[in-house]
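S.K.: Next come the chains, spelled out residue by residue.
There are 2 protein chains.
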Amino acid sequence: MDEMKLPTRAENYNEWYNQLVLRAELADYAPVRGCMVVRPYGWAIWENIQKALDARFKATGHVNAAFPLLIPQSFMTKEKEHVEGFAPELAVVTHGGGVELEEPLVVRPTSETVIGTMYAKWIQSYRDLPVLINQWANVVRWEMRTKLFLRTLEFYWQEGHTAHATQAEAVEETERMLNVYADFAKNEAAVPVLPGQKSETEKFAGAVSTYSIEAMMGDTKALQAGTSHFLGQNFAKAFDIKFLDENNTLQHCWTTSWGLSTRFIGAMIMTHGDDQGLILPPNLAPYQVVLVPIYRKDTEKGPVMETITRLQAGLEALQIRTKLDDREEVTPGFKFNDWEMRGVPLRLEIGPKDVEKGSIALARRDIPGRDGKQFLPAAGYEQAIPELLSEIQAALLGKATQFRDDHIFEVDNYADFKDVVENKGWVKAWWHDDRQNEAKIKEDTRATLRNYVPNVEGEGVCFLTGKKTNKIAYFAKGY
Amino acid sequence: MDEMKLPTRAENYNEWYNQLVLRAELADYAPVRGCMVVRPYGWAIWENIQKALDARFKATGHVNAAFPLLIPQSFMTKEKEHVEGFAPELAVVTHGGGVELEEPLVVRPTSETVIGTMYAKWIQSYRDLPVLINQWANVVRWEMRTKLFLRTLEFYWQEGHTAHATQAEAVEETERMLNVYADFAKNEAAVPVLPGQKSETEKFAGAVSTYSIEAMMGDTKALQAGTSHFLGQNFAKAFDIKFLDENNTLQHCWTTSWGLSTRFIGAMIMTHGDDQGLILPPNLAPYQVVLVPIYRKDTEKGPVMETITRLQAGLEALQIRTKLDDREEVTPGFKFNDWEMRGVPLRLEIGPKDVEKGSIALARRDIPGRDGKQFLPAAGYEQAIPELLSEIQAALLGKATQFRDDHIFEVDNYADFKDVVENKGWVKAWWHDDRQNEAKIKEDTRATLRNYVPNVEGEGVCFLTGKKTNKIAYFAKGY
Numbered sequence: 001m002d003e004m005k006l007p008t009r010a011e012n013y014n015e016w017y018n019q020l021v022l023r024a025e026l027a028d029y030a031p032v033r034g035c036m037v038v039r040p041y042g043w044a045i046w047e048n049i050q051k052a053l054d055a056r057f058k059a060t061g062h063v064n065a066a067f068p069l070l071i072p073q074s075f076m077t078k079e080k081e082h083v084e085g086f087a088p089e090l091a092v093v094t095h096g097g098g099v100e101l102e103e104p105l106v107v108r109p110t111s112e113t114v115i116g117t118m119y120a121k122w123i124q125s126y127r128d129l130p131v132l133i134n135q136w137a138n139v140v141r142w143e144m145r146t147k148l149f150l151r152t153l154e155f156y157w158q159e160g161h162t163a164h165a166t167q168a169e170a171v172e173e174t175e176r177m178l179n180v181y182a183d184f185a186k187n188e189a190a191v192p193v194l195p196g197q198k199s200e201t202e203k204f205a206g207a208v209s210t211y212s213i214e215a216m217m218g219d220t221k222a223l224q225a226g227t228s229h230f231l232g233q234n235f236a237k238a239f240d241i242k243f244l245d246e247n248n249t250l251q252h253c254w255t256t257s258w259g260l261s262t263r264f265i266g267a268m269i270m271t272h273g274d275d276q277g278l279i280l281p282p283n284l285a286p287y288q289v290v291l292v293p294i295y296r297k298d299t300e301k302g303p304v305m306e307t308i309t310r311l312q313a314g315l316e317a318l319q320i321r322t323k324l325d326d327r328e329e330v331t332p333g334f335k336f337n338d339w340e341m342r343g344v345p346l347r348l349e350i351g352p353k354d355v356e357k358g359s360i361a362l363a364r365r366d367i368p369g370r371d372g373k374q375f376l377p378a379a380g381y382e383q384a385i386p387e388l389l390s391e392i393q394a395a396l397l398g399k400a401t402q403f404r405d406d407h408i409f410e411v412d413n414y415a416d417f418k419d420v421v422e423n424k425g426w427v428k429a430w431w432h433d434d435r436q437n438e439a440k441i442k443e444d445t446r447a448t449l450r451n452y453v454p455n456v457e458g459e460g461v462c463f464l465t466g467k468k469t470n471k472i473a474y475f476a477k478g479y
Numbered sequence: 001m002d003e004m005k006l007p008t009r010a011e012n013y014n015e016w017y018n019q020l021v022l023r024a025e026l027a028d029y030a031p032v033r034g035c036m037v038v039r040p041y042g043w044a045i046w047e048n049i050q051k052a053l054d055a056r057f058k059a060t061g062h063v064n065a066a067f068p069l070l071i072p073q074s075f076m077t078k079e080k081e082h083v084e085g086f087a088p089e090l091a092v093v094t095h096g097g098g099v100e101l102e103e104p105l106v107v108r109p110t111s112e113t114v115i116g117t118m119y120a121k122w123i124q125s126y127r128d129l130p131v132l133i134n135q136w137a138n139v140v141r142w143e144m145r146t147k148l149f150l151r152t153l154e155f156y157w158q159e160g161h162t163a164h165a166t167q168a169e170a171v172e173e174t175e176r177m178l179n180v181y182a183d184f185a186k187n188e189a190a191v192p193v194l195p196g197q198k199s200e201t202e203k204f205a206g207a208v209s210t211y212s213i214e215a216m217m218g219d220t221k222a223l224q225a226g227t228s229h230f231l232g233q234n235f236a237k238a239f240d241i242k243f244l245d246e247n248n249t250l251q252h253c254w255t256t257s258w259g260l261s262t263r264f265i266g267a268m269i270m271t272h273g274d275d276q277g278l279i280l281p282p283n284l285a286p287y288q289v290v291l292v293p294i295y296r297k298d299t300e301k302g303p304v305m306e307t308i309t310r311l312q313a314g315l316e317a318l319q320i321r322t323k324l325d326d327r328e329e330v331t332p333g334f335k336f337n338d339w340e341m342r343g344v345p346l347r348l349e350i351g352p353k354d355v356e357k358g359s360i361a362l363a364r365r366d367i368p369g370r371d372g373k374q375f376l377p378a379a380g381y382e383q384a385i386p387e388l389l390s391e392i393q394a395a396l397l398g399k400a401t402q403f404r405d406d407h408i409f410e411v412d413n414y415a416d417f418k419d420v421v422e423n424k425g426w427v428k429a430w431w432h433d434d435r436q437n438e439a440k441i442k443e444d445t446r447a448t449l450r451n452y453v454p455n456v457e458g459e460g461v462c463f464l465t466g467k468k469t470n471k472i473a474y475f476a477k478g479y
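Line by line, the protein sequences give chains F and X. This note's numbering puts the first residue of the first sequence at 1, with every later residue one more than the last. This note's numbering puts the first residue of the second sequence at 1, with every later residue one more than the last.
Derived from the structure by calculation, the hints contain no laboratory data. Worth double-checking, as some hints may not be accurate.
No copy labels: a pair is met if it fits in one copy or bridges any two.
In silico DSSO-like links for lysine-lysine, alpha-carbon gap of 30 Å or less [stated by the list, open to error]: (1) K51 with K353; (2) K5 with K80; (3) K80 with K353; (4) K418 with K335; (5) K5 with K242; (6) K51 with K323; (7) K5 with K424; (8) K399 with K301; (9) K335 with K471; (10) K353 with K203; (11) K467 with K242; (12) K301 with K428; (13) K471 with K323; (14) K5 with K373; (15) K373 with K467; (16) K297 with K242; (17) K399 with K242; (18) K440 with K467; (19) K51 with K357.
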């Protein structure tokens with residue numbers, strides 16, 4: 001363990017992030033360039049994300065399955081836009097069992113093609129629809145510039161793939177899952193995302209339309225934290241997914257896909273973290289409460305450890321996730337810094353005086369120093385601690401929402417636009433869709449259209465072209 | 001859906017298995033030869049296996065993480081026996097992002113090499129030990145003869161990898177996890193496995209010793225259903241996993257690895273299945289109770305559906321996993337056959353008479369026909385159904401144990417040995433270890449040494465060589 005301080009976010013946001021990920025033992029660099037090892041503390045966050053999402057998927061009628069990692073290379077070329085999007089990013093298996101393969105196989109970058117092939121086999125009748133399947137899987141995309149959690153060659157995600165009898169049902173599903181993501185982000189991760197449709201330029205390769213949830217990071221850059229795609233009949237036609245409808249007419253299905261990945265852990269780090277390190281929302285934290293015993297003499301140790309162990313058992317019985325830090329080779333002060341850096345929402349301290357007085361000391365991770373510290377009678381902990389965890393969860397969401405809202409600016413001209421995306425945060429502005437202008441903005445400023453504000457009423461004037469439009473878009477530099 | 005009967009096990013065990021896996025919609029063939037799609041019903045079994053095992057891993061102090069899929073080819077060659085074992089089975093990525101790689105990457109067939117590399121980086125001091133990490137992952141082995149669940153190019157498993165300060169601790173861990181597997185198999189899957197050590201010939205490539213749990217299938221063949229390896233310092237030396245001990249001396253760690261895969265689903269199918277199809281143990285069945293409404297007229301439908309829906313809600317509230325089969329396009333008889341084939345432990349029927357009388361009809365999957373059917377007052381279902389599920393769980397274990405014990409034969413000469421492994425089941429016999437004789441037996445009979453009986457007392461005479469020995473071994477043809 002290394003007691004050196006992290007760089008502050010103001011000094012170097014990028015280095016703050018990289019060092020935090022390593023030192024909080026969330027992830028590490030694998031031997032292969034751009035690949036990641038997710039360490040136990042990071043994986044425990046992902047397991048909590050999985051539980052929270054999987055419950056929502058099952059509540060909306062989905063089931064899980066597992067489709068293969070290896071896909072014949074020719075499959076990737078069947079949907080024209082899909083292959084253009086993914087061909088540059090493929091990892092290719094050319095040899096198996098010591099011999100060169102007749103047809104190379106790609107390691108899945110996403111599974112529309114192979115799942116489409118299976119759906120074509122499984123679906124015959126309208127009675128087989130809808131098919132609502134999700135898988136938790138690893139995928140590989142050959143990225144050049146990588147960053148732990150945010151962009152790695154291999155990453156972990158879930159990908160939902162659904163097939164429907166009608167366009168309306170498929171669109172409804174696309175929107176339903178977008179809302180599931182937004183609800184999860186807000187209520188579990190305390191990440192106040194903005195859901196909306198992507199532009200034509202930014203949509204998924206092969207989709208009719210793509211929706212995303214966009215999150216604002218602590219440096220005000222945007223991060224796409226989950227996507228939901230309406231695929232129309234594009235993949236159904238490319239992979240021959242057909243069904244006999246109630247009138248015995250053969251029709252192509254309408255399909256969707258939607259995914260959220262380990263990238264979301266990066267979003268959590270950069271939404272909540274401060275200069276001391278990580279701040280984890282209680283709902284997803286591997287440990288919600290860390291217990292630190294404080295004693296100097298051996299005669300103090302016994303009563304302190306007895307009290308703190310009993311408290312831990314009591315908290316675990318309440319389904320609260322705890323960690324008792326009973327290391328003897330480091331000081332309590334070291335432990336405080338260590339668990340602050342690792343973002344545990346609440347710290348509980350017990351010293352000899354607390355044992356005598358029947359009190360506990362609690363320190364909130366989200367409120368540094370004295371203001372976040374309180375002393376309570378130990379007797380009431382079963383009520384006080386769950387309440388405090390709820391308060392912290394709500395406070396994190398409140399703070400992140402405030403930060404986001406403070407850094408979104410409406411503009412009506414390109415000079416202001418440039419000033420905002422360069423120095424202040426996100427732009428929210430009337431926008432007349434135009435691929436070329438969108439490309440020009442990206443070239444000029446590196447800002448991209450994040451997504452459109454949903455359900456806009458009325459009309460306005462495009463900040464760039466002065467044309468009338470009914471669309472409002474968010475623009476920002478992104479990860 | 002297809003109403004054709006399965007082949008009986010006596011007619012063609014192999015075809016019975018293959019068709020059952022497909023028709024129960026457990027798995028399907030993927031486009032790439034030898035790869036598998038695990039369909040939702042099969043994956044739900046795997047999820048239940050995961051839950052049962054993961055709880056046991058965590059209770060024994062393990063945590064989960066995720067290590068990368070892609071491993072530099074050179075890593076595989078660092079442990080001499082390991083590379084000899086796995087080189088013929090590797091899938092190799094030679095191209096990434098459109099260019100040929102400087103060093104080819106292998107798709108992990110198992111992760112000792114890459115995990116060893118990370119442990120070498122993470123472990124410095126005795127205070128860092130033990131490291132007790134598991135991962136749930138997919139692996140790829142280029143198999144020539146494949147069979148759904150039992151042997152596929154890609155499969156799903158967990159692999160635990162631990163590092164310890166002493167040999168004794170590592171051996172203890174190896175045995176602990178073997179016992180975890182045996183306990184899981186017996187008490188969750190009702191598969192009465194025999195745990196024990198493998199022979200030198202059959203051990204894992206790179207291990208000092210390998211332990212396995214061996215299960216007897218319905219055709220009396222053996223199936224290795226999980227393995228636990230004591231790796232000594234072999235991988236620690238190959239990958240430089242060292243620590244400073246309490247005396248400040250640099251030492252190599254002692255490591256273990258242990259795994260159980262989707263192959264176990266095959267073991268469950270072939271332990272319990274009958275000519276009507278699958279029989280799933282209640283503890284791991286995706287649906288423990290299927291509810292079938294029975295009515296002819298529209299006037300009957302309302303009250304029947306109301307009663308059965310209320311019953312379903314009541315069962316779900318008891319944490320019982322249920323499926324209400326409300327399909328209208330098929331008959332109740334079709335549903336009975338369908339769910340029998342899919343192995344649901346208990347069927348609950350409700351007809352208009354049951355609504356009137358306040359009764360329910362229950363049919364046990366493990367006892368076909370009238371003997372397995374009973375009529376109960378609906379009022380007592382909260383107690384009766386959980387009890388019945390426990391009874392079924394115990395009955396399956398009892399039946400499988402009886403079948404196993406009835407098909408293990410002690411022999412004292414090679415003629416009897418051949419007769420047993422060819423026609424009757426497993427041999428249990430005194431065995432004087434000898435690699436060449438073991439190879440000869442395999443060549444003569446295709447039977448292999450499955451594992452040794454643990455804790456044998458006394459001595460006996462080897463059935464083949466007549467030499468004195470203190471070992472007793474199981475031999476059988478295996479999957």
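S.K.: For each hint, tell me whether it holds in the structure or not.
M.R.: Do the hints match the structure? See the list:
1. K51 with K353: Classified as neither: same-chain Cα gap 40 Å, cross-chain 42 Å, threshold 30 Å.
2. K5 with K80: The answer is neither: 50 Å in one copy and 43 Å across copies each exceed 30 Å.
3. K80 with K353: neither (71 Å within a copy, 59 Å between copies)
4. K418 with K335: Classified as neither: same-chain Cα gap 45 Å, cross-chain 65 Å, threshold 30 Å.
5. K5 with K242: between (59 Å within a copy, 28 Å between copies)
6. K51 with K323: both (20 Å within a copy, 22 Å between copies)
7. K5 with K424: within (27 Å within a copy, 70 Å between copies)
8. K399 with K301: So K399 and K301 fail the 30 Å test inside a copy (39 Å) and across (54 Å) alike.
9. K335 with K471: neither (51 Å within a copy, 52 Å between copies)
10. K353 with K203: Neither. Shortest intra-copy (61 Å) and inter-copy (57 Å) distances fail the 30 Å Cα cut-off.
11. K467 with K242: neither (43 Å within a copy, 68 Å between copies)
12. K301 with K428: Classified as neither; 58 Å inside a copy, 55 Å across copies.
13. K471 with K323: Result: close neither inside a copy nor across copies, 49 Å intra and 46 Å inter.
14. K5 with K373: Within one copy only: 22 Å inside a chain, 70 Å across chains, cut-off 30 Å.
15. K373 with K467: neither (55 Å within a copy, 75 Å between copies)
16. K297 with K242: neither (75 Å within a copy, 34 Å between copies)
17. K399 with K242: neither (49 Å within a copy, 45 Å between copies)
18. K440 with K467: Within one copy, since 17 Å is at most 30 Å while 86 Å is not.
19. K51 with K357: Intra 40 Å, inter 42 Å, cutoff 30 Å: neither.
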